Structure formats: C-alpha cells, structure tokens
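Colleague: Since the structure of chain A is provided, determine the placement of chain B on it from the hints.
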Amino acid sequence: MHYVSLTNLRIARTPITDVTLHIPEGSCFGIVGASGTGKSALLNAMAGLSGRALPGVSLAGSTAAPRPGSIGIVTPRIILPAHMTTLGLLTRQRTLLLNGDGQVDDDCQRAIRWCALEQYAQSAIGTLSLFNKRRVALALALVSKPAMVLLDEPTIDLAAHEQQVMIDILENLRDRNMTIVIATRGNTPMESLFDQIAVLSGGKIIAELSAQHIRDMQRTIMIRTDEIPTAAYEHIAAINNGIIVTRRNIVLTGEGVRSLAQILQVLLHYSVHIFCIEPRNHPLADLVMQARYPVVLAHRYPVRLLTNTIRESNATEEVAT
Amino acid sequence: MMRLFRWIIDDYISSQRILVEWGAAIAIPYLLLASHTDAASTLATWSLSTLALALYTTSVIADIAEQPINISRLLHLPSRRQYIAAYLFAAFLIVLSAYVILVAATFIFAPVAFPAWQLWLASLPALIVLIITGIVMMMLLTPLVASPLQRLTLLAVFAIPLTWDRVIALLPDMLPGNIMAMFHAVSTAFGILLWPSMQLYALTIEPHLDTQSFSLATIHMLILAGLISILARWYQRRPLTIA
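Taken in sequence, the protein lines are chains A and B.
Just so you know, this note's numbering puts the end of the first sequence at 342, numbered straight through with nothing missing.
Just so you know, this note's numbering puts the end of the second sequence at 320, numbered straight through with nothing missing.
Bound-form chain A, shown alone (with noise of 0.2 Å):
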C-alpha cells in the first residue's frame, strides 16, 4: 500500500513537470535533487497547499483533502515565535485539534522526547540555537503524530555533528511507522535513513533507488596514516581491487570499502599510527552530480522499477485475497 501517489503530476508555475511518483506507507522515501527543481513544490503540493485539486495527487488511497493533522512539515523558512517557550508552542498547536486535556501534555511530552529536546522544553525559543530551534520545528510537526512528515532539507545550516543528531532523531522516526519524505539536494550524507530514493531533475523524476541500490551505492573512504611498511602495504595491496596505497593514505572505493575492518587489523597487527579515517564523497551528492546526465543515471537507475515492484505486490496480494 502506498501512501502517496503521484502521477504525471505537473504544478503550473513550478518546475515540476511530469512527476509519477508511488511512496510505500511506513518508508522513509528521499528526493534528491539541484536546488530549483521542484522539491519543495512537491512537498507542498504533497500538503494540500497547492490551492486547487491537483489532478493525479493521492493521500493514503483518497483524492481527497488531507485529514486534519495528519501531515506535519518541516522546512527551513519556518520561523518560531521567539517569545514562546517550546513546550507552549508545542501545547497550543496541539490543541488546535483538541481541547486542552490530558492528552495534549502527552503528545507534546512525547514529541519532546522524540526531538531530544527535554532540556530545552521550557525555553525560550528565541533563545535557542540554529539547531535546537529545528528540532522544536520537527516536534511542532510531530506533535499531532502525524501519519506522513514531509522534511524540506532538515539539515541546512547545520554543523556536522548537529547533522548527524538530526539524522539519528529521524532515523529513530523512520521505526515508528511513519511515512517520511525528505527533500534533500544531497549536501548531508544520509543516504543510510532512506529505504527508497527518487531523483529529480528538469521537472521529472528521472531515476529511482531501492534500498538495495542505495546500499550498493559507490563510496569512497580515505585512510590518514603514518609511514606504512613494506609488508603492511603489500598485504593491504592485495586485499581487493578497490584499494588504492600509497605511502601514507589508503583509498577505498567500491568493493575496498567492504574490507575497511580487514584494512584496520592489519594497520593495527604493523603497528601503523592512524591520523584518521573519512569519507571523501556523499554518495547524494554524486546522484545529484550525475543528475546532469539523465539518460546515464535512467539507465543504471531505471525510472518506474520501484512502481513496477509496488504493483506487482498489490497485484500479488489481490490474488493471495
């Protein structure tokens, strides 16, 4: 069952030409993207904000406007009130649907919580960070636990290690049966959060990604080390191919990153110090670049594989009924 469907959907006034696009419910689904190709347009027209009904738009099954409270979203031009302390925010955009019980405090407790934000429920926002002030963005949209949560770029403007809480906060989100849709233009590596991946380009959804293709996606590790022996380096050499030594860094690409582990023990068995180990592309990032050439990225990448998947299941489960 899929919980949005698009299809042949185009927004007039936006770049967003042609988009078929089938979101399985429960799935954390990416669209990746160049910025000003249309992410941020589908996310509102996903939202019922598109004003007229869009023809070939459909929330869990219905063409219908979306239930009250059943979407929540995120982006970056959201801007908090700044004399509302989080957990007042939280209360009255809660009650918006209910009135003020018992309930309320523990739907807002628990967005609180899912958010990480216990510390900071009774303050201020004005007085929060860039960071925190996002998080209190996502519990503001998950506070009438929604059945879909639509994220414009979580992680813009974020520093590293704030990108990596927040791709934990929405790793957690991913298991508790939500469907979540990210539009990202692949500047974070998050590509681990996403079961599916749709990429868009010229107004279309020109390639798609299973969970599969997204954990065979090519990455590349480099390692920073002192002086490497002789022996060390000829018994890292012949591990695989995808390993490139020299002198003092080790690259990784394609199957050598699967030998990471292997590579560790035997620097470690030589003694060899280890300055550091990082990754040297964002596999979003590449989609995004190879996005310029969609007829390369289509073929490796088939547009319609996840739908055809998607079909056949229903297909299959109709005959099972």
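Source of the hints: derived by calculation from the structure; they are not laboratory data.
This structure is a prediction, so every number in the text was calculated from the model and none was measured.
Please note: incorrect hints may appear among the correct ones.
[What the hints assert, rightly or not] Not everything, but these chain B residues come out facing chain A in the computed CB check (under 10 Å):
#1 Asp-87
#2 Ser-149
#3 Leu-151
#4 Trp-272
#5 Gln-276
[What the hints assert, rightly or not] Listed next, the stretches of chain A that the computed footprint assigns to chain B, with coverage defined by at least 3 CB atoms under 8 Å from CB atoms of chain B:
#6 71–81
#7 100–109
Backbone N, C-alpha and C define an ideal beta-carbon position, used for all residues, glycine too.
Modeller: Just chain B now, kept in the frame of chain A:
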C-alpha cells in the same frame, strides 16, 4: 477556529504590533482634533482614520497569515475558510479596539469636538459595515489571497474612479476620442461600484435613519456578501507555500 482567533490576537499583542494601532488612535485626536469644535469633522476624522487603520491592520494580518509557521497551523484545521475567517475576525477586533481608544482619546484631548452621544451611536452601524468592507477589500488586495492579475484588476476598480479627474487633466488630447470615451465608461462603471461605499461614508458623518439610508445599507451588505464570497473562492484556490 476560536482558538486560532485567540492566538492571533495573543501574538499580535505580545509581538507589540498592536502598539501601532493604539498609538495612532491616541495620536490622531491629539494632533488633528484638539483645536476642533465641530462634531461633523470629528466624525469624519474618526471614519477616515479607522478606515486607514483597518487597511493597515489587514495588510499586517495578511502578512502574518502568510508566514510558513502559521500556514502549518492550516494543516490542523478542517478548511481554509476557517483559517482566513479567524484572521479576518482578528483584524476586525484589533481595528475595533483602536476605534474605542480613538473615541476615548478624543473625549480626553478634544472634549469640545466630541459629538453628541446619540449622533455617535447612530453613526456606528454604518461605520462598522464600512470597516468590514475595508478589511475584506484589503485582504483581497494581498498576495495571501489574490494573484497579481486579480489584485491589479481590483486596484483599478478603486483607483480609476477616484483618480480619473486628475489623470484626465494630465492627458491633454493625447489619446483618440473613442479611447477616451472608453476610459470614461470604465471609470463610470467602476464609480457605480464605489458609490454605495461613498454614500455609506457620508452616512457615518451625517447619520440619519430613513428609507434611503436603510436601502443603502442593504445594498452595501449585499456587496459585502459578494466580496466575502469572492474572498473565500480566491483563497480556496490560492497556492500556499511552506517548503
């Protein structure tokens, strides 16, 4: 919807935006009416300044309603109409509060120019209808509700009849006669649309209860209903953006 309405008012007060309206409501009688002795000019000042405050407040309120944080509240409401209605009510209440302060400040700063209580009370119904019309019209002129083309058309309905005489004076025989005639026709047609509001404004200065004023109020209420219906329809179709 009532909760949203209450929060809009809360936000407006706590963000101190309300000080502009309340400050203006105190300054206007102090600056404009202190030396007056004529009750008619007091009523005219009240009407014009309240209308001006209604236009200002509505533009601020529409700007607030367009902010992504507030649009995200829309996702918690059953319909867009409730959302826009809450903001319209909020604008009305803020203007009404400014009007009350305006009257009280006039009583303090310009007691001589203060009209008789009966006269003031009689002018109130027409003024309230005029304020609501001003709020709805201004809301229709904001990007929250209308597209640029819709706003330009609406602006022309106001601007052409109000400024036509001056524009004509600036265009000495530059355009062919038939084009000028067409402009005159458009100006007259738009003028007819504005006429009830102009009459209602006159009624706020010289209030009287008779068949003519009753008919005028009825016509104006019908126009207002039409405007509210247009507002609801336009807003329903307007694309909004959070992301």
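Colleague: All hints are to be evaluated individually against the structure, with a verdict given for each.
Modeller: Taking the hints in turn, this is what the structure says about them:
1. Taken as an interface hint, Asp-87/B checks out: its beta carbon lies about 9 Å from the nearest beta carbon of chain A, inside 10 Å.
2. Checking Ser-149/B against chain A: minimum C-beta separation of about 6 Å stays under 10 Å; hint holds.
3. Proximity of Leu-151/B to chain A holds as hinted, the smallest CB-CB distance being about 8 Å (cut-off 10 Å).
4. Below 10 Å, beta-carbon pairs count as interface contacts, and Trp-272/B has none with chain A, the closest being about 33 Å; its hint is therefore violated.
5. Given hint, Gln-276/B at the interface with chain A, is violated; its Cβ is 36 Å from that chain's nearest Cβ, farther than 10 Å.
6. Here the region 71–81 of chain A counts 3 residues with a CB under 8 Å from a CB of chain B, which clears the bar of 3, and the coverage holds.
7. With 4 residues having a beta carbon nearer than 8 Å to a beta carbon of chain B, the region 100–109 of chain A meets the requirement of three or more and the stated coverage holds.
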